[in-house]
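If you read the protein sequences in the order shown, they are chains A and B. Just so we're aligned: 71 in my numbering is position 71 of the first sequence, and the numbers increase by one with no gaps anywhere. Position in the second sequence (first residue = 1) + 1000 = my numbering.
A hint or two may mislead.
Derived list of chain B stretches under chain A, where covered just means 3 residues or more per stretch with a C-beta under 8 Å from a C-beta of chain A [as the list claims (entries may be wrong)]: (1) 1036 to 1044; (2) 1105 to 1115; (3) 1185 to 1196.
The calculated lysine-lysine pairs, modelled on DSSO-like cross-linking and capped at a C-alpha distance of 30 Å, are [what the hints assert, rightly or not]: (4) A/Lys72 x B/Lys1138; (5) A/Lys39 x A/Lys72; (6) B/Lys1188 x A/Lys39; (7) B/Lys1088 x B/Lys1209; (8) A/Lys121 x B/Lys1088; (9) B/Lys1188 x A/Lys130; (10) B/Lys1088 x A/Lys130; (11) B/Lys1138 x A/Lys2.
Chain A residues, not near chain B, derived (Cβ > 10 Å throughout) [to be verified]: (12) Leu17; (13) Gly103; (14) Leu146; (15) Asn147; (16) Glu150.
Source of the hints: derived by calculation from the structure; they are not laboratory data. Since this is a predicted model, take the numbers as computed values, not measurements. A virtual CB, placed ideally from N, CA and C, is assigned to each residue, including glycine.
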Amino acid sequence: MKHSTLNMWVNGRAVSLAVPEGEILLDTLRERLGLTSVKRGCEVGECGACTVLIDGRAVNSCLYPALTAEGKHILTVEGLQQPNGELHPIQQAFVEEAAVQCGFCTPGFILTAVEIVGTGKRYSREELRKLISGHLCRCTGYENILNAIERAMNESLEQREGEQP
Amino acid sequence: MFDVGSFYRAQSVEDAVRALAADPCALPVCGGTDLWVRNREGRDSGASYVSIQGLPEITGVRLDPDGDIVIGAATCFRDVAEDPIVQKFIPMLGEAAEEVGSPQIRNVATIGGNLCNGATSADSAPSLLILNALLVLKGSGGERRIPVEEFHTGPGRTCRLREEILCEIRIPRSAYQNRHGAYIKYGKRNAMEIATLGCAALVHLKEQKLAEVRIAYGVAAPTPVRCGKTEEILTGLPAHRETLERAAQCIRGEITPRSSWRASREFRLHIAGEMLKRALAEAIRRAGGHIDEA
Chain A
1 MKHSTLNMWV
11 NGRAVSLAVP
21 EGEILLDTLR
31 ERLGLTSVKR
41 GCEVGECGAC
51 TVLIDGRAVN
61 SCLYPALTAE
71 GKHILTVEGL
81 QQPNGELHPI
91 QQAFVEEAAV
101 QCGFCTPGFI
111 LTAVEIVGTG
121 KRYSREELRK
131 LISGHLCRCT
141 GYENILNAIE
151 RAMNESLEQR
161 EGEQP
Chain B
1001 MFDVGSFYRA
1011 QSVEDAVRAL
1021 AADPCALPVC
1031 GGTDLWVRNR
1041 EGRDSGASYV
1051 SIQGLPEITG
1061 VRLDPDGDIV
1071 IGAATCFRDV
1081 AEDPIVQKFI
1091 PMLGEAAEEV
1101 GSPQIRNVAT
1111 IGGNLCNGAT
1121 SADSAPSLLI
1131 LNALLVLKGS
1141 GGERRIPVEE
1151 FHTGPGRTCR
1161 LREEILCEIR
1171 IPRSAYQNRH
1181 GAYIKYGKRN
1191 AMEIATLGCA
1201 ALVHLKEQKL
1211 AEVRIAYGVA
1221 APTPVRCGKT
1231 EEILTGLPAH
1241 RETLERAAQC
1251 IRGEITPRSS
1261 WRASREFRLH
1271 IAGEMLKRAL
1281 AEAIRRAGGH
1291 IDEA
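Chain A on its own, in the form it takes in the complex:
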C-alpha cells in the first residue's frame, strides 16, 4: 500500500511519519508511537475504549484514518501526566472514587471526562450519563465512574470560581 506523510501533534509534541494510506489512527498511536493507553476494543465504534481527543473532542480512533489527523492535536492519557509526574486531577478523582475495576475502559472514560470538565459547565447527573454514553464498562462500574467525573467537575468548578477576582 502506498505510504503518505502524516504531520500531527500528539500530546503536545509534533510528530511526522510515513504511514500506509489505509492506516487507522488507533494503530498509529499504539504500534508506532507506543501509546498503549489507547485500547483496541470493538473496532466498530461502539465501545469507546479507543477514544482519544482530537482538537479537544472525543473521537473513536478505531474508525479514524490516520491521514485525516493531518495538522490536528491528539491527546491520549499519556499526555495527562503532570510536570511533577503526578496524576492528572481527573485520574486522581477516578482513584478516589474507586472508578476503576479491570481498567480497560478507563483511558477512554478519562479522556471524555477531560472534555466534559474542560467545558467549565456544570452538568446534571442525567446530562453526564448522556455524555458518557459512548463508553461501555463491562465491569458495569458506571456509578463510581459518574461519581468520579462529578467529583472532578465540581473540583474544577470550585477552582475556577476561586481564581476569579
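The hints should help you fit chain B onto chain A, whose structure is shown.
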C-alpha cells in the same frame, strides 16, 4: 488497517468530483463511521476512497438572506445539534441529531453521510422529510437539486451518482416558518442504538386547528417515508384528543413496516400510532396550542 486501494483527501468538492470521475473504483467518504465499519466487514474491499471530511465549503450551517437554512453536508451531528440557527428555527432537527450513535460518533458522523448511506433508520431523515429539505448535489455534469423525498430509492440506495457529492441540505423558509415539530425515536437503548422506528411530525396551528400537518417515519418502509394520506386526513382537524386517536388509526393503515430481528411488523405498527400521538401532541404544544380533552 482499512482495506483501501488508496485514500485521497480532496482539496475541494470540485477536486473530489474529478478524483471520483477519474477512478471507477472510487467512493466518497466523509465521517466514515458507517463506511469504515463496512470496510472492516470486508465490503468495498480495495476501493479507492476520496475523503471530503472537513471541506470548509460544505461544512457548517448558515441562514441565507432569503431565510433558507443551509446545512453543509459535511457538518457533523454535534455541530448540527449545537448550532444556534438550528436551535432557534428547527430545533427538532437538532434533537434528531442528538439521537445518533454516541458523543464520539456525533463528533465525526455527518448529516450528509447519514442521508447518502440510504438507510431507512437514518435519524436525520424523517425530520428532513417534513422540513421539505432540498438536496444540492454536484457532479461532473454540474449541479442538481432534488427534494429529499425523491433521494432514497431503496434500502441502502439513493439517486446520488457515484461521482456526485452531496453538498448542501437546504430548508426553505416557507417550510419551517410558523411550523413546529418533534422527532421521537424508539430504540431498546438510549444510546448507540439503531432506531426500531423513528417518527417526525410537524404542524402549522391556526386557531387551535391543524392548518397543515406533515408526518414522516424511519424504518416504517424500505426507505424513510412521508405519510401523505394521514397528513391529508388530519388537515383542518382541531387540536383535540380525538384527532390524535384518528392519527394513530390512520397511520397504522398507511405505513408498511416489516418484521426484523429488532421488532415484528405488528409491534412497529402498534408503536407507530403511539409515537405519532406523542409527536403531534409535542408539536402542538410547541406551536403554543394545547390538546382539548373534552
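Hints and how they fare:
Chain A is given as covering the segment 1036 to 1044 of chain B, and this holds because 3 residues of the stretch bring a CB closer than 8 Å to a CB of that chain, at least three being needed. Look at the segment 1105 to 1115 of chain B against chain A: 3 of its residues bring a Cβ nearer than 8 Å to a Cβ of that chain, three or more, so the hint holds. Here the segment 1185 to 1196 of chain B counts 3 residues with a CB under 8 Å from a CB of chain A, which clears the bar of 3, and the coverage holds. Taking the CA atoms of A/Lys72 and B/Lys1138, the gap is near 28 Å; set against the 30 Å cutoff, the hint holds.
A distance of roughly 20 Å separates the Cα atoms of A/Lys39 and A/Lys72; the hinted pair therefore holds under the 30 Å criterion. Simply put, B/Lys1188 and A/Lys39 have alpha-carbon atoms about 27 Å apart, close enough for the 30 Å limit, and the pair holds. Between B/Lys1088 and B/Lys1209 the alpha-carbon distance is near 24 Å, which keeps this suggested pair within the 30 Å criterion. Among the hinted pairs, A/Lys121 with B/Lys1088 is consistent with the structure: their alpha-carbon atoms are about 21 Å apart, no more than 30 Å.
Restraint check: the Cα-Cα separation between B/Lys1188 and A/Lys130 comes to about 15 Å, which is no more than 30 Å; the hinted pair holds. Taking the CA atoms of B/Lys1088 and A/Lys130, the gap is near 22 Å; set against the 30 Å cutoff, the hint holds. In summary, the hint linking B/Lys1138 to A/Lys2 is supported, as the alpha carbons are separated by about 29 Å, within the 30 Å threshold. At roughly 15 Å, the least C-beta separation between A/Leu17 and chain B is larger than 10 Å, which holds for a residue marked as non-interface.
Residue-level check passed: A/Gly103 sits 19 Å from the nearest beta carbon of chain B, beyond 10 Å. The beta carbon of A/Leu146 is kept farther than 10 Å from every beta carbon of chain B, the shortest such distance being approximately 14 Å. At the 10 Å boundary, the C-beta of A/Asn147 stays outside the reach of chain B, the nearest C-beta of that chain being 19 Å off. At roughly 17 Å from the closest C-beta of chain B, the C-beta of A/Glu150 stays outside 10 Å, upholding its exclusion from the interface.
Checked against the numbered hints listed earlier, the structure breaks none of them; every hint is satisfied.
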